[in-house]
Each structure stands twice: as structure tokens, then as C-alpha cells.
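Given next are the chains, with one letter for each unit.
There are 2 protein chains.
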Amino acid sequence: MASSTKKSVLIVGGGAVGAIAALNLEVGGLAHVTLALRSNYNAVNEHGFDIKSCDHGRVQGWKPSIIRDSIPDITKESLPPYDYILLCTKNIPDIPPTVVDLVTPALPRINTHTTLVLLQNGLHIYRPFLESHPQTLVLSAISMIGSEELSPGKIIQDEGDKLIIGAFPNLNTNPSTSAAKCFIKMYKNGGKTDCKLGEDVLHDRWRKLVYNSALNPICAILGLDTGRLRLAADGEVVEHLVRPAMQEIVDAAKANGVLLDEGVVQKMIDADPLQSYLSPSMLVDVKKKGNFLEHENLLGEPLREGKKMGVEMPTIKMLYYMAKGIQWRTMEGRGLVEIPPKDV
Amino acid sequence: MASSTKKSVLIVGGGAVGAIAALNLEVGGLAHVTLALRSNYNAVNEHGFDIKSCDHGRVQGWKPSIIRDSIPDITKESLPPYDYILLCTKNIPDIPPTVVDLVTPALPRINTHTTLVLLQNGLHIYRPFLESHPQTLVLSAISMIGSEELSPGKIIQDEGDKLIIGAFPNLNTNPSTSAAKCFIKMYKNGGKTDCKLGEDVLHDRWRKLVYNSALNPICAILGLDTGRLRLAADGEVVEHLVRPAMQEIVDAAKANGVLLDEGVVQKMIDADPLQSYLSPSMLVDVKKKGNFLEHENLLGEPLREGKKMGVEMPTIKMLYYMAKGIQWRTMEGRGLVEIPPKDV
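Keeping their order, the protein sequence lines are chains A and B.
All residue numbers in the first sequence are consecutive under our numbering, ending with 347.
All residue numbers in the second sequence are consecutive under our numbering, ending with 347.
Just chain A, same shape as in the assembly:
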């Protein structure tokens, strides 16, 4: 059972990001973690996680306080509400279930207790909750972690866990920073990670998009990690694809009132050490055939925001429709779309 001084945290999704968050929270000693797994439940239940982490070292056979193979339905199971629910799944609005449908059973019917923390990419991912759970405080967690699940339960983290936490705007809850600060204290308590308050969530999310909207899809489409991408064709791929895509995000942010720091494009191009040869998540998803892409949040949403303000985004637009094509291919592979039979 959770000690009364600990906060109860439900983490949804125990892949490369969720597992490290679970480990880090339990190492900190201020959280009692329930981790809801899907595809890797059996592996983790049997053998625990096998984690090789630049923050935590080698951790073998480890499990958080509670693991589950589904999201708890707290009403049916008569469970007390969680203090925090940390969403670490992919956020893919074009493929059901939506994150709202996923998390609703774990929230009280009318929720003012549980704070949602969206450790997911993209610009306006809180908006669906404004409609479904208008009284729920929703925090943004922006992660700069580099980690990958090599096989079920086997995780390698080769870039330090750095989180920026802040409250998404919500006129109903008038969010103060106290819930964010409490989460940060809990997350930092193990002394292994960098977790800080972001005063301007929208700014921080646009800033991360500079990396994610460009490097994620381009690496995925070309089958190159971020190191190789910089080396490819003597840097021409960076100059003619990555840099223009990043600049379009900077321009769209600016048109939406978000001024990013001078030089952010070059900083993001150089963000990953070249010789680390890191694979952004979308490249991992494409390589693991069958994984869906988060292109609606990474490309579609900034494209729509830019378009509203009249910003031309030809590179982002092309990447968006390419990602749509790849998503359709995955859907067909999974039997989610039917096509006319081949003429023989």
C-alpha cells in the first residue's frame, strides 16, 4: 500500500518514456506508482524491466509498486482517485481510442482531485480535455529524454531525462503553479533528473516542435538517425529539408505570438550529439512496422495554426501529407482500411 506521505501516481504507458518516469518517481521516494502497460505487460510482469539508463545505471528485474495490464476503472474497482495521472502513451488523435477515452475510467466522474500530466508531444493536446473534463487541471510535461524500448521491457536510455512542467491554460481551473511545483518536487527528489517549471507552456511546446516537426518526420521518412541526417549528402539534407522545416515552425510560432530564441533552429539541428546517432521516436515507429505516427500533433496542428495566420509552410505541409500516406499504409497493414481486390 502507498504510504500516506506518498502521492499516488498512475502512469499510463510503460514504453521507453513511461518506464523511465516510473523508475525515477519511485527512486525519488515521494510517489507510489501504478503503471498501466499494454503490449509489454507479460514481459514486465514475468521478468520486470531491464533498464540501461544514463541517469539510473543498470536496473534489472525492476517493477514499480503496482503494474496492471489495463487502465483502472476507479469507479468499478472502488479505488481512491489518483493524485496524478501521467500520460506517457503516444497521442494519435486519428486512431482510436483517443487519449480522453483512454484515461476517463481512471478519473472521478466529476474530477477536481486528480491532476493530469501529459508527457506527450504536440501543441494543443490539452484541448480535448477542456470539453470532456473541464474541471480537471492538466499539466504539460515536455521531455527531452532519449530512450528506446529495444524489446518488450528492455529499455535503453542514452540521453538524460529533462522535463519541463507547466499548466496548460484553462479558464475553469485558473491553474496556479502549485500542482506543477509539487510534481516537480516529487520528480526531482531522487536527484537523478533535471525537472523544472516552464512558465510559458505554449512557448515551450512550440520550441520543442522546432525539433519534433522537422527531425522526427524527416528521420522517419529517410530512415536516418539525427547524426546520419547531418552527415547525409554533405549536409544538403539538413540545409534543404531540416532547416526550412524548422524555420517554418519558428515563423508559425511568431505569427501566433510566440517568439522563440534567436538561433533556435541551429540549436535544434545540433541538439543531439552527432556521434550519438540517436533515433527520434518517429523513426523508431517507422522501423517497427505497425506503429502509428504522431503526425497530427507534430505536423498537422502547427500547420493549421500557421495557416490560420497566413504563414506559408511548404516543407511542413509536404511532411504532413507524407506522414499521412505512411499512416494509411500502417492502417492497411493492420487491416483498418479495405482496398479493392487486385485485378488478375
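Think of the hints as simulated: they come from the structure by calculation, not from any bench.
These figures come from a predicted structure and were not determined experimentally.
Mixed in with the good hints, there may be bad ones.
Since copy identity is lost for identical chains, a pair holds within one copy or between any two.
[Stated by the list, open to error] Capping the alpha-carbon separation at 27 Å, the derived lysine-lysine pairs in DSS-like fashion look like this: (1) Lys211 with Lys345; (2) Lys345 with Lys195; (3) Lys188 with Lys199; (4) Lys345 with Lys157.
Using the hints provided, position chain B relative to the given structure of chain A.
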């Protein structure tokens, strides 16, 4: 030995295109074919070709008059010059050897006898021969065949062989149409194929680029055949990627004085029957990891021609640099580029 009434034809490259050309020429009875093979030489030498063709039916254990595992050096081997050399390899100027280097040993030192026929894609592929072999008559062969080599020597042709033959411009040879007409007679003689004279090579090559510059790279990048591409994301991929790319080729052609027929874009979008689910060659190349792409001729050359005339080609430009990235990946896979070691 070749009968004296037959023309001697050397075909370089016996993949999906060259093998069907060899078969068709020998079926016609007016040509004595020498076929130079590389990767599939052993398979064909041992078992012959296994061809399933919509033009020729099932042909098993078939070989042309002569097969070779290399290009003949006619000087060293004291061979008479060929009447025609038909180049059916990929044309990839960024990866050695160049087609000029490839074919030079099979041409007389000062050649006025042998007619070169380039059965290859792209706009200005004759230009390197103007410098290296200024007296050589070079014909353009534009093929609309749909065929694929499933495994070495095993070929399936599911779209009829249609050739358009014409002479590339050359101020030295003042090419008449007689060599082209002679080749057409020889190629059509079996009655199985459609082979006709193209009076305007440049027009015909730009026209084929409408298909090749758009569908080839987009299918390759997305991993979708032309049927699935039309179905993907309810047609959005066609509308936002394929149609703009094709229109840019039409615009660049126009700026270069080549007026393509009204409606050519829609015709090319619909060119392959949807339910045939045909794979353009570049998609086949990407799937068979390790094959190089013809992006310099299909994308680079029209892009440069468009740029000269001030035509904006944002879609073609992006496709070009994406193809460059994929080419670099293939080069790295083949050990043709070195990268700094991974930091551990």
C-alpha cells in the same frame, strides 16, 4: 553466329527491362542479341530466364543468342562492332561507373557504325556521350513497360511493352530518322509490342517525367504502389503531393519551350490501373535495400532546368533532397561513405 540479314544488338543490362527487350528482339527474328548481365548472370546462365509476360506469355528456360557476364571489349576481343547497343541499366550519374565508362569498351574507338539506344529515364542522358563519343548516333527509347525481376532471372511483366524511339539532338551527326525507323522495324517484327517513332524526343521525355518525377519518388518514399497511393488518406496524398509535383514538371517543361497536352497530369495520375497495384521502379529499388535511385535524372535534371527558367518547384525540390538522403543511406550501407564512430 548472327545471320547476315540480322542486325547485331548488344543489350547492356538484363533486368526487368533488358530481358523483355532481348526476348522481344529475338522473337522478331531480325536481331541477333548479345545480352550482358551482371548480378543475375549465374542464374540465367544455369537456368535461363523464367518470364511471365502479358506480351509473350510464359517463357521458361529461355536465353538470347549470347549471354555474357561483362560488357565486351570489342578491340581486345577483336569483335566486329555492334549495329546497336541498347542500354537497359539504371542511369545513375552520382554513382560510378558512368554509363559512358560502362559502354565505351563495346564501341569502336572512333565510332560511326554503332547506334546507341538509351532505354533509360531522364531528360538529358545523351549529353555525356556528346563529349565522349561526338560522332555516335544516340537514340532515345522511352518505355512504358511494367515489369519486375522477382528474383535473379525470374521476371514478371504485367504491363505491355510500349516504346517510343527518336534521335537525341546532335549537331555532329545530323541525325535523320532512318536509324530509329530501322530499330522500330526490328523491334516490332514479332508483332507483340507497340513501338513507334517519336518526332520530338524532348517533348516525349518531359512527358514521361510527369509520371516518373512524381510517382516514382513518392511511391518509393511512402512505400506505396500507384494503386494504394491513389487510395491513401482518401486521395489527400495525390492532391497534396502527386498533383503539385506533376504540375511543377509541366510548368518547367513549358518554361523550357515544351508544351505538354492539356490534362496530362490527370492522365498520369490515372495511368496505372488502380487495381493493378503497380510498383514504380524506384519503389522496387527502395524495397530491395541496396539498390541506388535514379533521382539525378528524374528529379535533379528537371529541377535544374526549371530553376534556370525561374520556375518554382518546391515539391520536386523536396523530393530531390529526400532522394539524396536515401541514396546516401544506401551508399553508407554499401560502405561507400565513412562516418565517425559512435560515442559510447
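Let me make sure I understand: some of the numbered hints might not hold for this structure. Which ones are they, in numerical order? Of the numbered hints, all hold.
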